[in-house]
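From first to last, the protein sequence lines are chains A and B.
Position 116 of the first sequence, counted from 1, bears residue number 116 in my numbering, the numbering being contiguous throughout.
Throughout, my numbering is defined as the position within the second sequence, counted from one, plus 1000.
By construction, these hints were calculated from the structure, which means they are not laboratory data.
Glycine included, every Cβ here is placed at the ideal spot set by N, Cα and C.
Mixed in with the good hints, there may be bad ones.
Using 16 Å as the maximum straight-line C-alpha spacing, the simulated EDC-like pairs for lysine to aspartate or glutamate come out as follows [what the hints assert, rightly or not]: (1) A:LYS53 - A:GLU42; (2) A:LYS102 - A:GLU170; (3) A:LYS102 - B:GLU1046; (4) A:LYS134 - B:GLU1087; (5) B:LYS1287 - B:GLU1276; (6) A:LYS11 - B:GLU1143.
A short list of chain B residues far from chain A (calculated; beta carbon distances all over 10 Å) [claimed, not checked]: (7) TYR1029; (8) ASP1080; (9) LEU1094; (10) PRO1123; (11) ASN1195; (12) GLY1198; (13) TRP1286.
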Amino acid sequence: MRKTVWPLIKKVTLYILLTGATLLMSFPLFWMISSSLKTIEETNSPGIIWIPKEPTFAAYNNILQNGAFIRSYANSVFFVALAMAGTLISISAVAYAFSRVKWPGRNLIFFLMLSTMMIPPQALIVPQYVLFNKLNWVGTFNPIIIPGYFAGGAAMIFLLRQSMAQIPQELDESAFMDGANHIQIWWEIIMPLMKAPLATISTFLFVGLWNSLLAPLMYLQTVDLYTLPVFVSTLYNINQTVQPWPTIMAAAVLTTVPLMVIFFFAQRFILESVVMTGLK
Amino acid sequence: MLSNPYINALLTVLGAVIFIVTTSLGLGYTARWIAKIRGAKARVQEGAFAGYLFAAPWIIGFFIFVLIPLCFSLYWSFTDYRVISNEPANWIGLQNYSKLLLDDDGFRQSVVNTTYLTVLGLPLQIGVALLLAVLLNQKLKGERVFRMAFYLPVILGFNTAVLLCWRLMLNTGTGIINQIIRGLSNLFPPFGYLNRSGIFIQELSSAFFLGISNSNFTLLRKVWEVGFPSEVRVPLWVQSPLWSKMPVVLLMIWGCGTMMLIFLAGLNNIPKELNEAAEVDGATKWKQFWKISFPLLSPYIFYNLVVGMINALQIFEPIFILYRDNQPLVPSAISMVYYLWQASFSHFEIGYGSAISWIILIIILIITYIQFKMQDRWVTYDLY
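Isolated chain B, as found in the complex (with noise of 0.2 Å):
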C-alpha cells in the first residue's frame, strides 16, 4: 500500500502518538471518575487525572511491550508453536525445557562460555578497571583527558564498525597486534617466553572448558601433549576454538570504563582521614590500599561482579561480527543470548525460543537474587 517507508514510519509514529493521547486521556479521566465514586476532594481528583495521564505512556507500553509479551512468551515455551507455519500451538508441557537443559549442546556450549568469561574475562576486567581508578585517584593535572580516554571505549564499544576494526587488529597474519608480538619477542626474548606461556596457559584453559561444553577432552589432552607452545607461536584470535573467546575478553578488558568509574566514585567515598592516620602510624601505601582501600571497595567490587555476569550472558554484537561467517567458531564463542537469537529465528521456533528467554531471565534473577543476599555477608560496609 505505502512503498516509501519513511513515510510510512512517520504515519506510524503519527499513529502512535494519537493513540497514546487518547489513551492517556482516558486512562486519566477513569482515574478521576473513580477518584470521584469514592467521594475523593476536588484536589485528590485533579492529582489522580494528571498522575494517570502522565504517566499512562509508561502504563500503557508496559502491558504493550512488556507484560503481556512476557505473559504470551511463558504459555508458548510449553507449545510447540512457531510463528511461520499456520498452525496452532500445541501443549507439549515441559518438553522444551527438558531438552533444553538435558539435551541440547548449543545451549550447554552457551553456559559454559559465559562461565568461562565470567572466571577468567571478568576478574581481568575488573582488576584494570581497578588500576585505571586508583591511577586516576591521584588526583593529577590533565585527569579529566585521560577519564575522558579511558571512557570513549565504552561509548564506541560494540559499534559494528568498531568491531570490524578489532577483526582487523586480530588478524593471525598481518594483524597489527601479532605483529607487535612477533616484533616484541625477537627484540626481548624474556617476552617471547611470556607470550608462549600466556599462549600456553590459555590454550590449557580454554581446552578444559571446551572439554566441559562437549564431554571430549580429547582436545586438552593433545593440547597437554604437544607442550611448551614452539617460539613461532603466535596466538590464533579469531581462527581457532581455542582462542575464539579471547577476543571477547579483550573487548570487555577495553571497554572497562564505567566500572572504572564506579571504582572511582568508591574511592572518592572513602575518607580521608583514613588513609592519613594510618599514614601517621607508619602504613605503606601498598598496606594502605590493601588493609583500607579495598575492603571499602568490596561494595563497588560486587556490584562490578554481578553487573559484568549479567552483562556476559548478554553479548551479541562481537560474536555475530566475528564469528557469523566463521560458522565453525560460533558454538565456541556463543553467548546465551546469541544462542538464543540464533535458536529462535534460524527456523522461527517460537515456543523454544520463549523456553530459552524464560531460563534467561529466571539466571539473571537469581544473579540478582544472591548479589542481594550476599552482601550482607561478603562485603564491607562498616568500617567507617
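This is chain A alone, in the form it adopts within the complex (with noise of 0.2 Å):
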C-alpha cells in the first residue's frame, strides 16, 4: 500500500512545487500584458487588478501612433538585420578557417582568440569611441553595426568551430579532387550542414543585439536614430506627474514579442547548446 501511495504524492508535490516557480517567473510577463490594457487609473489604483474587468487597447492605440517609437522599431530592426548579417558571415569564414584548414601559426591565432574571451567588452568602450569619434561615426549607426563585421564575438566563432570541426575531413578532400576551392567547399559544403549550430549563434546574436542598451545609448545621439531599448527608456520619466504606465506596457509587450517569437522556435537549439558548453 505504501509502496504505491508515497510515489504518487511525491509527484504531486513535484508538480505543484514546479508549477508554483513556472508562475513566479513568468509573472512579470503576466503582468507586463495585463497593465497594457488597464486604464492609468487602473494601473496607479490601491487595490490589486489582476485582470482589467474591461480590457482596453487605447495603449496600443496611442504607443501605435506615436511616430517615434514606429521610428525606433523600425531603426531596431534595421540595425540587427545588418549587424547580424555581417557578423555571422564572417564568423564562419574564421570558423572555417580554423578548423577545415591547416595553415601555420593556426594553434597561435587560435589561443590569441580564446584568449580575448576573458577581456569585458565594457573595458574596450572608452577607447573605442575615441576611435568612432575620430572617424567621424559619433551620431551614426556605424559604431554598432561595423564591428560585428570583423567576426566579433570569440565565443560564437568556438562554438561554430567545435561543430564544423566534427565534419569528416574527407568531404573536403574528394570536392578538392573535383577542383573545388576553398571559397566553394565552405559556402556550399560546410556552411549548409551548419544550420543548426547558426541557429543558435543567431538566436543569441538577435538577443544580445536586440536588448543591448549601453552601446546605442552611447552612439545614437539624436531621437531619430534611437534603437528600441533607448526609445523604451525615454518613455518613463519622474517628471511626469502621472507615469503613463499602460502605454509604456505595450511598448514593451510589441518590443518582447520578436523575443519570445524567437526563444519559441529555437528554445531546443538554445538550451541544449547552453548545457553542452556547460558540459564542456
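Two chains, two frames, a set of hints: combine them into the complex.
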C-alpha cells in the first residue's frame, strides 16, 4: 500500500512546486500584458487588479500612433538585421579557417582568439569611443553595426568551430579532387551542414543585439536614430506627475514579442547548446 | 553630406566589406608569399593562403577594435586626455590610479556594491538555480515546458521594456509586489513577521555596506535604534538607498536560468550507480544529495560563482532604468561598469575612464586566475 501511494504524493508535490515556480518566474510577463490593457487610473489604483474588467486597447493605439516609437522599431530591425548578416558570415569564415584549413600560426592565433574571451567588452568602450569619434561615426548607426563585420565574438567563433571540426575531412578532400576551391567548399559544402549551430548563434546574437542598451545609448545621439531599448527608456520619466504605465507596458509588450517568437522556435537549440557548453 | 542615416549605414557597410575583402586577400597573398620564400611545398602555400584569407576578418578586427584600443587606453590611463578639448594629452603618471583607488567615493561605492551582490545576491541566485535544477532533474513529464519557463527570463532579462515592467511592479505604494506582501501579511500574521524580519535583516546589512562605502555608520546605528520594523512597513524597493540593491538581487534571481541549465548538465553527469548504491545501503534522498550530488556539483557551483561575480560588476541596464531619474539612489546601487560609463562620459574624461577600464580588466583577470588556481583545492573532481 505504502509503496503505491508514496510515489504519487511525491509526484504531486513536485508538480505543485514546479508550477508554482513557473507562475512566479513568468509573473512579470503576465503583469506586463495585463497592465498594457488597463487604464492609467487602474495601473495606479491602490487595490490589486489582476485582469482589468474591461480591457482596453487604448494604450496600443497610443503607442502605435507615436511616430518616434514606430521609427525606433524600424531602427532596431534595420541595425539588428545588418549587424547579424555581417557577424554570421564573418564568424563562419573565421571558424572555417580554424577548423578546416591547416596553416602556419593557426594554433597561436586560435589561442589568442580564445584569450580575448576574458576581456570584458566594457573595458573597451572608452578607447573605442575615441576611435569612433575620430572616424566621425558618433551620431550614426556605424559603431553598432560595423564591428560585427570583423567577426566580433570569440565565443560564437569557438562554438561554430567545434561543430565544423566534427565534419569528416574526406568531404573536403573529394571536393578538392573535383577541382573545388576553399571558398566553394566553405559556402557550398560546409555552410549547409551548419544550420543547427548557426540557428543557435543567431538566436543569441539576436537577443544580445535586440536588448543592447549601452552602445546605442552612447553612439545614437538623436531621437531619430534611437533603437527600441533607448526609446522605450525615455517613456518613463520621473518628471511626469503621472506615469503613462499602460502605454509604457504596451510598448514593452511590442518590444518583447520578437524575443518570444524567436525563443519559441529556437529553444530546442538554445537549451541544448547551453548544456553542451556547460559540459565542455 | 549624407543626411539619410540608413543610406549612410548601408554605404559604410559596403565600404567595410570592400575593406575586409581586400585586406583579407592582401593578408592571404602575403602569407603565401612568405611560405614560398621559406621554400614550403605548394600544398602548404595553398593552406597558408586560405587560412589567412578566412581568418583575416578576425585578425584585422582584433587589431582595430581590441589590441590598438587597449594599448591606447593603457597610455591614456597615465594622462589627463579629454576627447572634447583640443589640447593634447598630458602625461600625469599614476595620478589617475592613485585618485581612483584612494580618493574616489564613486569607485569605492561601486566596489562595495559589487561585494554586496557577490556576498548576498549570488548565494541566493545560485541557491535558486540549484533548487530549480534539482526539481527539473526528477525527470517528470512536461519537464521541457518548465525548463523553457525558467530560462525565458534570461532572454528577456535585461531588456529595457522588461525592466520598466519591474519598475512598475516595485512601486512602493501601488506596486503589485508590495500589494501582495501587504495582503499576505494581513491574511497570515506569521507571514507579516517573516516580512518584517526580512526587512530588518536587509536594512541592517544594507546599512552596514553603505557604512563601509561612506565610512560613516550613522545610518546603521539609526536602523538599529529604530529596531524591529512596525506592522505597516513594506520594502521600499526603488525609493531608499537602503533598498536600491534589492531589485538588482531580485533580477539576478529571476535570471538564474543559465546557471540552472549548467547545474542540470552537472546533475546529468553524475553516474546513476552512485545513487543506486547509496540507496541500497539505506541512505535517504537528503543524505544522497548532500553526500553525493553536492560534492560532485562543486565544479559547477564554482564556475557559476566566478561567472556570477564577473557579471555582477558589469550590471548596467537595471541601474540605468531603475535609478537614472533618481540620482540620489545611483551611488547606492552603482556597479563598476555603470561607474565607468558615468565617470568617462559625463565629462568625456578619457584618461580617467581608461584607468577605470584597466582596473576592471585587471580585477576580472585576477578573478579568472583565482578560479583556475582554486579549482584543484576547493573542488571535488575525483569522486568517481
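Hint check:
Only pairs whose Cα atoms come within 16 Å are accepted, and A:LYS53 paired with A:GLU42 is accepted, the gap being roughly 10 Å. A threshold of 16 Å between alpha carbons decides the hint, and for A:LYS102 with A:GLU170 the separation of about 14 Å falls inside it, so the pair holds. About 9 Å separates the Cα atoms of A:LYS102 and B:GLU1046, which keeps this hinted pair within 16 Å; it holds. Taking the CA atoms of A:LYS134 and B:GLU1087, the gap is about 15 Å. The hint holds against a cut of 16 Å.
The straight-line distance between the Cα atoms of B:LYS1287 and B:GLU1276 is roughly 13 Å, inside the 16 Å bound, and the hint therefore holds. Between A:LYS11 and B:GLU1143 the CA atoms are separated by roughly 13 Å; this keeps the pair inside 16 Å, and the hint holds. For B:TYR1029, the non-interface assignment is confirmed: its Cβ lies about 14 Å from the closest Cβ of chain A, beyond the 10 Å cut-off. The claim that B:ASP1080 is not at the interface with chain A holds, since no C-beta of that chain comes within 10 Å of its own (minimum 14 Å).
Once the 10 Å rule is applied to beta carbons, B:LEU1094 is consistent with being away from chain A; the minimum gap is 18 Å. The claim that B:PRO1123 is not at the interface with chain A holds, since no C-beta of that chain comes within 10 Å of its own (minimum 18 Å). No beta-carbon of chain A comes within 10 Å of the beta-carbon of B:ASN1195; the shortest separation is about 17 Å. Distance to chain A confirms B:GLY1198 as a non-interface residue, since its nearest Cβ pair spans about 17 Å, more than 10 Å.
Look at B:TRP1286: its CB is around 13 Å from the nearest CB on chain A, clear of 10 Å, so calling it non-interface holds up.
In this structure, none of the earlier numbered hints is contradicted; all agree with it.
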